[in-house]
Structure formats: C-alpha cells, structure tokens
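*Asks:* Take a look at the letters that make up each chain.
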Amino acid sequence: QKEVEQDPGPLSVPEGAIVSLNCTYSNSAFQYFMWYRQYSRKGPELLMYTYSSGNKEDGRFTAQVDKSSKYISLFIRDSQPSDSATYLCAMPSKTGFQKLVFGTGTRLLVSP
Amino acid sequence: AAGVIQSPRHLIKEKRETATLKCYPIPRHDTVYWYQQGPGQDPQFLISFYEKMQSDKGSIPDRFSAQQFSDYHSELNMSSLELGDSALYFCASSLGGDLQFFGPGTRLTVL
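Each protein sequence line maps, in turn, to chains C and U. The numbering used here puts the first residue of the first sequence at 1, with every later residue one more than the last. The numbering used here puts the first residue of the second sequence at 1, with every later residue one more than the last.
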C-alpha cells in the first residue's frame, strides 16, 4: 500500500468549473504538504505548499489540509484549458523538507 | 528567475552501455535530489546530496552512482543499462532541505 493515495483520473471538466483534487496519506508523521503541477514530459512545478491544517489560498488555487483525517485537497476555481495537466500531491518523508513521497497524480483535462 | 538545469534533455543508449546525467541546481541551493519517473508513474526518489555529502538514499540500483561537486552540480552515473531504466530522470534542488524545485528532466531511452 502506497503511503500517499491519489485518484489517477482522468478528471474532465468544462472551462470555468471548480476542480477538486484530493490525496489521502497513511503516515501521521507527515507535516508538510505540497502540490506540484506537471505538464506532459515536463518537470513537476511547485504550485502550493502548506504546513498546518486549514486552508491556504493563492489566486485561483486553494490548498486544504485535514490532518485528523489524513486528507489534503487542492481546489482550482475558474478552471482554464491551460490548467490541463497532472497534479501530484507530495510530502517529505521525514520531519522537515526531505525526499518527497508522491501520490500517483491526477490527470486533469479542462475543455474549452 | 534561474531554474534547475539538466543535461542532456534526451539520451538514447543501448543495453549494457553507460550514461551520465548532469544537474545544475538553482544558484545558492546546496541540496540536490534525483528522482526517476517511469511512464504513467509518480517520481521515485533515488538519492540526495547536501553540501557534497550523500544525505539520503532511496531505491537506487547498485549500478547507479551519483555525486555532488564543489560547485554544487551533481552527476548521476548509470552503468550496465537495462531496458527497464528507460524513464524520465529529474533533478530537484533546494536550500538546506527546504522546498524542492525540479528541473525539466532527462528522458533516457534504452534500446
């Protein structure tokens, strides 16, 4: 069983929709949570990171962490075709920022 | 802003050959990480270096070795290549184990 689980999708939505991407994790020692966006055949791009439970907003993106449920989410408002990519959640495997453990990634397709 | 640079971007090798992948971290970053990403898979951690010393090791085959040099760039050396080594290899860098920023990757194809 993977330490981080993520629905691989694909998730298809129309332009302008609100997108919800989710991950669950099993290791309660995880303290930092990141979301990376990866376009096809490109390197992962750091989108957001959070430390504590609660919400963090950056433009159209909101990251949410529920440590009690070991559940994290990324919301994208007013989704655009350019948001079409694979979204990976990631967590450092030790306290602090160390090697990352990734979810399998959710492929998002936003149609015009 | 300067990003992580990886070279070459594409590499084609025959089985049992060797390959060397290079990574140039973001200026002033002192930590380098190597990840391998197979088709349709998430990146898997291979190895990391902090201040030129190996800081962590993951599922890296014995046929692979890596090092970080005095200018903080890193090289991943892969010998006796196998078909299963075909993948995207990413380098990421950070400052003292902080947030990791990824390079564009090297696509290795083993024939």
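No wet-lab data here; the hints were simulated from the structure. Predicted model only: the values in this text are computed from it and were never measured. Accuracy of the hints is not assured; some may be wrong.
Within a straight-line C-alpha distance of at most 25 Å, the following computed BS3-like cross-link-like pairs (lysine-lysine) qualify [unchecked claim]:
| # | chain 1 | residue 1 | chain 2 | residue 2 |
| --- | --- | --- | --- | --- |
| 1 | C | Lys2 | C | Lys70 |
| 2 | U | Lys52 | C | Lys2 |
| 3 | U | Lys57 | C | Lys2 |
| 4 | C | Lys42 | C | Lys67 |
| 5 | U | Lys13 | C | Lys70 |
| 6 | C | Lys70 | C | Lys56 |
| 7 | C | Lys67 | C | Lys56 |
| 8 | C | Lys42 | U | Lys13 |
| 9 | U | Lys13 | U | Lys52 |
| 10 | C | Lys2 | C | Lys67 |
| 11 | U | Lys52 | U | Lys22 |
*Asks:* When the structure is checked against the list of hints, which entries are broken? Sort them ascending.
*Replies:* Hints 2, 4, 5, 9 contradicted; others consistent.
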